[in-house]
Amino acid sequence: MTAPAEFAGTRRTLSTRSVTSLVSRNGAFGVLVVVMVIGFLTVPSFGTADNLRNTALAASFLAIISAGMTFVIISGGIDLSVGSLYALAVILSADMSSHGSWAAIGVPIAACAFAGLVQGLIIARLRLPPFIVTLAGLTGIRGLVFYITKEGNSHPSVPGKPFFETVSRGSFLTIQNPVWIALAVFAVGWYVLNRTAFGQAVQAVGGNDTSAALMGLPVRRVKVIVYAISGVAVGISGVLSTGLSGGGQEARVGNAYELSAIAAVVIGGTLLSGGVGSIVGTLFGITLLYVIQNLIVQGFNLNSYVQQVVSGVFLLVVVILQAVFSRRSETE
Amino acid sequence: MANGVSATPTLSVRQATKQFGGSLALCDVDLDLWPGEAHALVGENGAGKSTLIKLITGVHQPDGGEVLHHGEVVHFPTPRDAQLHGIQTIYQEVHLAPQLSIARNVFLGREPTRFGSLDLKRMNREAAALLGRYGIVADVRRPLGGLSLGVQQMIAVVRAVSTDASVVIMDEPTSSLEPREVDKLLEVVGLLKQQGVAVVYVSHKLEEVFRACDKITVLRDGRLVWTGAVTDTTRRQLISRMLGRDPGELGNGKITHLGRAPVERGEVPVLAAQHLTRRFVLDDISLLLHPGEVVGLAGLLGSGRSETAKAIFGALALDSGTVEFCGKRFPRSTPASRLHSGVAMLPEDRKVEGIIPELSIRDNIGLAALPMLSRRGFVSRRKQAEIVDTFITRLHIKATGPEQKVAELSGGNQQKVLLARMLCLSPKVLLLDEPTRGIDVGAKAEVQALIADLAAKGLGVVLISSELEEIVEGSDTVLVLRDGTALGTLFGDEIDESAIMTMIAGAAEHDTAELIA
Ligand SMILES: Nc1ncnc2c1ncn2[C@@H]1O[C@H](COP(=O)(O)OP(=O)(O)OP(=O)(O)O)[C@@H](O)[C@H]1O
Ligand SMILES: [Mg+2]
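For the protein sequence lines, the chains are A and B, in the order given.
Note that the numbering used here has the first sequence beginning at 1, numbered continuously upward.
Note that the numbering used here has the second sequence beginning at 1, numbered continuously upward.
Just so you know, these hints were derived from the structure itself, not from any lab.
Since we're looking at a predicted model, the values are computed, not measured.
A hint or two may mislead.
[What the hints assert, rightly or not] Derived, one-sided and incomplete: chain A residues facing chain B with beta-carbon distance under 7 Å:
no.	residue
1	G143
2	R195
3	A197
4	A204
5	A213
6	M215
7	G216
8	S273
9	V276
Note that CB positions come from ideal geometry on N, CA and C, so glycine has one too.
Isolated chain A (complex conformation) (with noise of 0.2 Å):
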């Protein structure tokens, strides 16, 4: 165990160690391609491009938020205040769009950004458990939201604003601009993660915090920053939200976000205890949450109970398919 290094053969060369550790580490990816295969033989509608793009665009906007989250996460803490910000998101930038594209896509991402801050700061600096501290973020921030609504009542939509409206109506490649966004997003997360000094030292305060104070980490900064990330995407997310369906969105949209993107980021192969972690497993995590919805709704002719159920039995099976993967590639 000790020194590898001696026993010449055991270095298997890095491409396929790659290959293999993507896969092995990635339960999710294997589950997404089984699940994907298993939809294209038994579903017709599934396969085709319509539907896919559709189910891609769908899911771009939680995919925004589990990115942030999984910084979150990785770090050790979590964030359940994104339901209720994606809200926020939303209205700010309908309400702002009469004033012009820019403030209409700033104003709610500055908003996002400054709430995760708060939160951030607040978590750190008196070392309160994140939990409780974004719980009230939850509460707090969807109680602003229906004061802003007027209780709810007050839907505004958004006043003709090409660039604001391209943004996120239009395509590229036949598939829409939301789409690529998120993939833009996984792309710089994937990269600040794994290719800068602060990813490292996200992993390393989530792994054990104490550790990193004394390696001489700025805990306390990582620890206030991950939350401002995590608002930062939540506005991306709201913003292209709003963008596409032209405002008029009710209060309560985001409603239970925060749970399907921490089941997203864990399923994707985080550990909730933090320290380890993949934001690309996220992505596979997000994707295959709405494919497997999407299977359900098209394969089925059920109702939308129905459907819940089957579609919490499916998610437990992948988790379980998923432990399994997982635990195999361990004890080779």
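Use these hints to put chain B with the ligands onto chain A, whose structure you have.
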């Protein structure tokens, strides 16, 4: 000593005082660190050595006194601030990020970048070069967590000394190192001194202190009892200052040889491990353990000692091989089934496995003893308290009382609690991986006597220690390992340090000869 040039110490501590709750951990302690000098900090477990270090490095804030850096009063709110002032510390427990690669650990917090992005190539190249310089063989792209504690410790050292620090503090850096690594480490200390670095060196091994250090400060119960040059004192004097007793009352300060009767090897061994094999880790290791026998595992770091113990305990999956207990196979190959049958193991790394820091000393020791104490599900608190008290006094566990949280104990005292807990299980077989790690001179002899006592009552012990002396003095049989293979077994009178070293060296020569041929 190279302090002729500078007139102010690199770092001074003036009248440092620290209280935890009601108890005084440190009281009015002064310390001067000069450039190019290694300053040893010695004292019993719980004397306040680590506390003093943590006051310097900003982990704790002093309740009184001050720290001066180059003559100016400084205040470090966090360890980061101390590091920014060029004070690097290797703490008593390894504090690294096990999930990250070795190279990333070496550079964590000061990564080389190109256009804002980590220069992974350079990190890997430089980390490999650094490790090579200290004789560590490992693939730097692998996660740190897979390495043994000793190697992790060396990597922490490499990490600390590869910066241009003006002060390097080492809190028991050698507690999990082999003699060979200890030599390397002391070389590093010498090198740092040449570069004009002020070094603080904490160790319970006085030979190291005399070999590497220039000055010594002795702490006892949080107070400074003596400070001076190594040349002005002897080992005996030091120990008597540490313990606060007259030199006349002490033995020679060495571990007393435990003159034990030779064991009788009966028909049925209590434990028989046959042909333990795991690719690249263990190769056909066999071991017999009889009741009352202490089998020592000797070998260098990475020789497969800990792995052998783990394999016996069911904590390491094997490709082939069997472990029999009293002539029968274990029903399942898990640690739980071993424990159930009466095989207990003291793991190498107490931070990862072992103690529950947030529970009290009583609960940590007592929980293990529950099965033995409970009658029809009822536990006699009184009996439990009795047992716990016995261990606290016998092992000199320094604490405010049995209700103190284990997290609040000094490193050596935590080790004692863990040990007490193993002994409480009253197992038939005990696997001990570095039982006296970090334990002070006085308590060490006590631990060894305790193990000998239990063996005399029929317990079978597998003993691993990085100190050859401990193996030689405590074992009836020694199995010598190298690179995961067994080189041979020594019995009774054949056991001595030179015989073991010859065996290991012989195998090394054989290897080289093979390479050349
Ligand atoms: N966080 C804490 N809370 C309460 N008491 C503490 C805490 N840290 C240390 N102590 C107490 O302070 C005293 C000194 O501990 P310290 O860790 O400095 O000892 P040490 O000299 O390093 O011993 P060792 O050789 O065992 O490492 C001990 O009695 C210990 O119980
Ligand atoms: Mg200590």
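Hint check: is the beta carbon of A:G216 less than 7 Å from a beta carbon of chain B? 4 Å, holds
May I ask you to test the interface hint for A:G143 with respect to chain B, counting a Cβ-Cβ separation under 7 Å as satisfied? 36 Å, violated
Under the criterion of a CB-CB separation shorter than 7 Å, is A:M215 in contact with chain B as hinted? Holds: closest Cβ of chain B sits about 6 Å from A:M215, inside 7 Å.
Against chain B, is A:V276 within 7 Å by beta-carbon distance? Interface hint status for A:V276: holds (5 Å vs cutoff 7 Å).
Status of the A:A197 interface restraint (C-beta, 7 Å, chain B): 5 Å, holds
Was the hint right that A:A213 lines chain B, CB cutoff 7 Å? 6 Å, holds
Identify whether the interface hint at A:A204 stands, where standing means a beta carbon of chain B within less than 7 Å of its own. 4 Å, holds
Close enough to count: is the Cβ of A:S273 nearer than 7 Å to one in chain B? 11 Å, violated
Once the shortest beta carbon distance from A:R195 to chain B is found, is it less than 7 Å? Constraint on A:R195 satisfied, holds at 5 Å.
Hint check: violations occur at hints 1 and 8; the rest are consistent with the structure.
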